[in-house]
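Novice: The chain contents come next:
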Amino acid sequence: MTPFKVKDCALLVRMSGLPPAINLRELRERLAACSENALFHHFCEPLLRPAFDHPDYRNDFAVWAKWYLGDRVLAERLGILDPFSMGSLEEVRAVTLDILDERLSEVVAIPSAAPGDEFYFLEATTIVFDTEDRIASARELAPAIRKMTNGSVYYHFLEARRRTQAGKDDFSAWLKAEERKNAKYIRALDSIDFYFHSLSNLKEEIIAALEKVERKR
Amino acid sequence: MTVPLSDYEKIVGPTAITQLRRLGKKLGGIRVVHVNSTREGGGVAEILEWMIPLMREVGLDASWEVIQGTEEFFEVTKNIHNGLQGRPVDLSHKGWKIFQEVNEKNMEKLRPTLKDAEIVVVHDPQPAFLLPLCDKRKGKWIWRGHIDISRPFRPVWKVLRTTLEKYDASIFSMCEFAQALPHIQFLVPPSIDPLSPKNRDLEPSELETVRARFGVDPDRPLLVQISRFDRFKDPVGVIQAYRMVRKVLPVQLVLAGGSATDDPEGNAVLEDVMEAAGEDPDIHVLNLPPSEHLTINALQRLADIILQKSTREGFGLTVTEGMWKGKPVIGGDTGGIRLQVVNHHTGFLVNTPEGAAHRIRYLLHHRERIREIGAVAREFVRENFLLSRHLREYLTLILAIRRGVDGRSFEV
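Chains as they are written, first to last, in our numbering: chain E, 49 to 265; chain Y, 11 to 422.
Next up, chain E with everything else stripped away, as it sits in the complex:
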């Protein structure tokens, strides 16, 4: 098996150029018009940004709906969206817009944030580095992941699902080179409900799943 190349990544965040949204109607308008890059950033990249990890929700739209619009119903509906389970970012956009339209049809007054609490549409560039660390076999995977940064975990386990055609994480894709021999590891990785974890928790989950396979060997 070719050794696994461990990579790491960092985000470089920038303004998207869209004006901020102050209420639910503006959020809907901007979300319909924003780039896929912005959509990806707000759904998938909050974990890598230097910001406090609010454990309630994994995407920025749900967090904003809860904390600044004060609309818990909307926050719950947005919060359960898993962008990695959808075929494309356009599908993510369509589903999100549907939720916003539904909410707009339900509310008597348009939920609005206070001045200073607007939603800003951002975009990011992911800069990827080769750490020069290599993993030779499936058995080495868990200890290697223990040493990885959150950036590496994000890149190989989450970002890979968007980057690769198969929509799988990099570890599974690598293990597939010897599919029969590594089947248990691949199944273990596949069983992780990854989207709702913080990166530190996700790292622990991956290690625990792989170590369980090791113990049963």
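Be a bit skeptical, because a hint or two may be false.
Unchecked claim - List time: in silico DMTMM-like cross-link candidates among lysine to aspartate or glutamate, alpha-carbon distance up to 25 Å:
1) E:Lys53 - Y:Glu421
2) Y:Lys20 - E:Glu252
3) Y:Lys125 - Y:Glu75
4) Y:Lys20 - E:Asp181
5) E:Lys55 - Y:Glu19
6) E:Lys216 - Y:Glu421
7) Y:Lys35 - E:Asp181
8) E:Lys195 - Y:Glu75
9) Y:Lys36 - E:Glu252
10) E:Lys251 - Y:Glu19
11) E:Lys53 - Y:Glu19
12) Y:Lys20 - E:Asp178
13) E:Lys260 - E:Asp178
14) E:Lys251 - E:Glu188
If you're looking for bench data, these hints aren't it; they were derived computationally from the structure.
For this one, chain E is given, so just place chain Y on it according to the hints.
Specialist: Frame of chain E; chain Y shown alone:
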């Protein structure tokens, strides 16, 4: 004092440091010049103090230039600063002329350095007018705004914007601070240096020396606000909050502020604070010179609770410093304090002296929460607001600017 990059490994891990070296190698020898208006005092000078040597250590040809100004100039720039943070100010044509002339004078001296630099980072408004004066410049110029210009006083912003528009990119600490400009706007929160005299671990004897020097009673709770004597930091509001708590709990308060050479308003504010403090022996108002980093460090470590009750704030590095020392922070619900202080997790956000008093009393009656919140705060800073992350973002930003920022990712 320059600390080698390897010393940070024990704090942020070897991977983060290796990453910085690798990035530096990609930029091999690039000439980067930072320009600001003061060598000491204030967050910008503190950042540049560590950033320049570390940029050099990873292989960049980095330098730091400080513009020289007259008293009149710094009065004008203080007005510009206040105007950008939203206060209506009276800035005459003459004031802008002084601003222009001082920039011109500095340009004469700095031209050879700036003209050939591949990247020039101009910090805050004071040196902003250098760009249009530097004809035949070769590199990319970036304006780094450290302050909150989300709701500027329009007449000031309108004049400044005509120059800022000419930069190749700008950097803000938070999206809320950015203004619409016709170039790419990056978001890079600042950071602290955990090994600087202001933040390094201290021996118990060093703490005791500072405690004794200022007559702080070790048996009673201590509240500390460290910041310049600036109205936006609301030191008088802090005294009001202290007095509300003092009625029921025997607290002590330290208000310690340095002064910066580019802040002429400091003395007037200090007088107001002294007047508000009156003869109360438990309020210690300390006007410390910029070199007293160890004293500031010790005061923050001696504190039970750190206050930063600003009404406007850029990022609030004193908040970061307090959190790094494992203290809960009660901070104004504004600017970068919001990015750092998360209610019940790393401290409390407040809007009034009453709000601050309420949270102080809560924490002093739940001492275990002081420890728990302090521990979360320290780890939050380790993950997000130490210099390694900050330097990495500058290096990636320079890489991105040189290759053109398009697409969602690239590999280095």
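Novice: Determine for every hint whether it applies to the structure shown.
Specialist: Here is how each hint holds up against the structure:
no. : hint                : verdict
1   : E:Lys53 - Y:Glu421  : 13 Å, holds
2   : Y:Lys20 - E:Glu252  : 22 Å, holds
3   : Y:Lys125 - Y:Glu75  : 13 Å, holds
4   : Y:Lys20 - E:Asp181  : 19 Å, holds
5   : E:Lys55 - Y:Glu19   : 19 Å, holds
6   : E:Lys216 - Y:Glu421 : 20 Å, holds
7   : Y:Lys35 - E:Asp181  : 18 Å, holds
8   : E:Lys195 - Y:Glu75  : 40 Å, violated
9   : Y:Lys36 - E:Glu252  : 33 Å, violated
10  : E:Lys251 - Y:Glu19  : 21 Å, holds
11  : E:Lys53 - Y:Glu19   : 23 Å, holds
12  : Y:Lys20 - E:Asp178  : 22 Å, holds
13  : E:Lys260 - E:Asp178 : 29 Å, violated
14  : E:Lys251 - E:Glu188 : 15 Å, holds
Hint violations for this structure: numbers 8, 9 and 13, all remaining hints satisfied.
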